[in-house]
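**Student:** Sequence lines, in order, name chains V and G. For the first sequence, UniProt numbering begins at 1 and goes up steadily by one. For the second sequence, UniProt numbering begins at 1 and goes up steadily by one.
These are calculated hints, taken from the structure and not from any lab test. Bear in mind the structure is a predicted one, so any value in this text is a computation, not a measurement. Certain hints may be false.
Computed footprint of chain V on chain G; a stretch qualifies when at least three of its residues, placed anywhere within it, have a C-beta under 8 Å from a C-beta of chain V [said to hold, decoys possible]: (1) 35-47; (2) 63-72; (3) 156-169; (4) 298-308.
Covered stretches of chain V, going by a simulated chain G footprint (3 or more residues, C-beta under 8 Å) [as the list claims (entries may be wrong)]: (5) 56-64; (6) 71-80; (7) 83-90.
Beta carbons: idealized from backbone N, C-alpha and C, even for Gly.
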Amino acid sequence: MPSISRAEVAHLARLARLAVTEEELDTFAGQLDVIVSSVATVNEVAAEDIPPTSHAVPLTNVFRDDVVREGLTNEQALACAPAAEDGRFQVPRILGEEQ
Amino acid sequence: MTTMAETMDYDEVVARFDPVLGLEVHVELSTATKMFCGCATTFGAEPNTQVCPTCLGLPGSLPVVNGAAVESAIRIGLALNCDISPWCRFARKNYFYPDMPKNFQTSQYDEPIAFEGWMDVELADGDTVRVGIERAHMEEDTGKSLHVGGADGRIHGASHSLLDYNRAGVPLIEIVTKPIEGVGDRAPEVARAYVTALRDLLRALQVSDVRMDQGSLRCDANVSLRPVGTTEFGTRTETKNVNSLRSVERAVRYEMTRQAAVLAGGGEIVQETRHFDEGSQTTSAGRRKETAEDYRYFPEPDLVPIAPSADWVARLRETLPEKPAELRKRIQQEWQLSDAELRDLLNAGAVEVIAATVQAGATPDEARSWWVSYLAQQANTRGVELAELPIGPAQVAKVIALVNAGELTNKLAREVIDGVLAGEGEPAEVVAARGLAVVSDDSALTAAVDEALAAQPDVADKIRAGKVQAAGAIVGAVMKATKGQADAKRVRELILERCS
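Construct all of the structure, not just a fragment, from the sequences and the given hints.
**Tutor:** Here it is, written out as structure tokens:
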């Protein structure tokens with residue numbers, strides 16, 4: 001039986017960049033526990049000879065030809081950007097994590 | 001803020017420590033379109049002009065795999081003696097960083113398309129080291145960030161950042177070695193030789209431009225040390241931003257001397273990403289690794305699995321070019337080179353570029369003469385290898401063809417090459433933009449000849465009197481008047497015609 005801890009919720013919240021209060025950690029831990037437990041019932045019927053499903057359709061090798069298709073213009077691309085500069089998307093200062 | 005780290009003398013490093021390397025090479029494929037959408041991949045386009053809803057991660061867009069990129073990936077795997085997975089999936093690598101507007105990078109995780117291979121790498125003295133290949137997997141490149149307001153364009157101190165997504169989604173193959181052990185003091189040389197050999201192989205496969213200066217070939221070097229005689233791996237660092245073959249060697253060497261000093265002083269190596277600085281030839285600390293590795297990979301639901309049939313793989317195997325080592329043997333015979341001559345060309349990094357230029361239509365002599373003289377001078381001046389010059393074999397072959405067609409003189413050809421090196425475009429574009437075409441219009445040349453003859457009547461008289469060798473002075477004057485854009489042979493003919 002899975003059990004979701006407060007620490008795990010806090011970790012997930014950090015990874016998802018969500019601000020979660022102390023009270024919410026308890027609430028979400030409980031809720032997530034119910035969800036994970038419900039989904040876990042699948043394990044009870046999944047036999048070893050049945051591989052885990054990742055795709056609903058039995059297709060492989062769906063490819064596109066390597067032919068250029070017209071995309072968006074610079075103006076169209078930036079139309080919905082909250083801010084832009086020199087034809088580029090402008091984003092706030094990136095803190096702490098240089099890639 | 002940057003302080004020079006302590007380093008240990010290299011001889012002492014290798015007397016006390018045994019280095020272990022792991023090299024990760026990212027290669028951008030030279031497909032016409034991106035990995036998951038039909039956007040163009042041309043290098044150097046205006047920002048955000050090769051983008052669409054899919055590579056911008058807009059809601060409702062769906063990716064479709066570029067079949068040509070998968071073929072390239074399989075061919076790379078085969079050339080690296082890998083097994084090709086009969087069934088594999090893409091995975092989402094989740095992270096928040098503005099270089100990926102989707103907030104995940106589509107990659108492969110535990111099911112790489114190619115795995116368990118090897119490559120033989122020849123060192124300068126002829127020794128061969130076999131480097132194990134852990135895996136080669138498919139993914140997409142990220143966008144380019146420009147950090148504004150900080151020193152040197154670095155993120156530190158920047159006020160904000162600007163993003164260009166032209167590169168986001170460009171097909172990328174990541175090739176990862178197994179740990180390279182037991183090479184001792186030759187570790188820096190082996191690292192460089194491996195990346196060189198891999199670059200040559202990828203170029204021969206014609207799957208990538210493999211231009212380190214443009215980022216189409218990038219190397220991350222993992223380095224760790226352990227005391228000589230022990231087997232357990234030490235803590236490693238990963239050095240990024242290694243943008244030339246020479247830097248690969250220097251980055252590994254520097255990191256060995258830095259880590260040795262830390263360990264000898266009783267310190268511990270911090271597992272971190274380090275940034276290689278081309279200017280100082282040193283590395284500096286970047287992102288700490290301990291919190292950065294939770295990418296929550298899961299199978300990409302929007303892309304169906306890839307299942308290369310045995311038939312398909314066999315057909316792709318037949319398209320593999322001859323291996324660089326075999327190419328060298330064949331070329332030595334065909335060009336009738338002595339061992340010493342071949343070694344000189346190899347050390348100059350000229351064999352593959354010459355062979356590729358020949359393949360693009362030049363004769364071996366023409367190709368050799370350009371690469372070992374004028375282009376070698378340019379590479380030397382810039383402190384790069386021939387293959388790193390911003391001009392490729394196909395472009396050199398084109399210039400040679402223009403010379404053969406009488407459209408360029410050798411002097412003009414050098415100017416065209418200068419233009420390509422300066423980033424002015426393809427040879428034909430440079431010819432047009434700089435107005436370098438040979439003046440082959442006889443009426444224009446005749447006018448220039450007449451003018452030169454009129455300016456030097458005494459010389460003209462000598463020629464008329466049969467002193468043909470005097471024509472040289474007039475040829476010189478005409479060449480000067482046409483700024484070297486005339487065909488000297490034709491000018492000579494015209495002078496003799498006018499004086500007959």
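**Student:** Does each hint fit the structure? Answer for all of them.
**Tutor:** To see whether the hints hold, each was checked on the structure:
{"no.": "1", "hint": "35-47", "in the structure": "holds (count 6)"}
{"no.": "2", "hint": "63-72", "in the structure": "holds (count 7)"}
{"no.": "3", "hint": "156-169", "in the structure": "holds (count 9)"}
{"no.": "4", "hint": "298-308", "in the structure": "holds (count 8)"}
{"no.": "5", "hint": "56-64", "in the structure": "holds (count 7)"}
{"no.": "6", "hint": "71-80", "in the structure": "holds (count 6)"}
{"no.": "7", "hint": "83-90", "in the structure": "holds (count 6)"}
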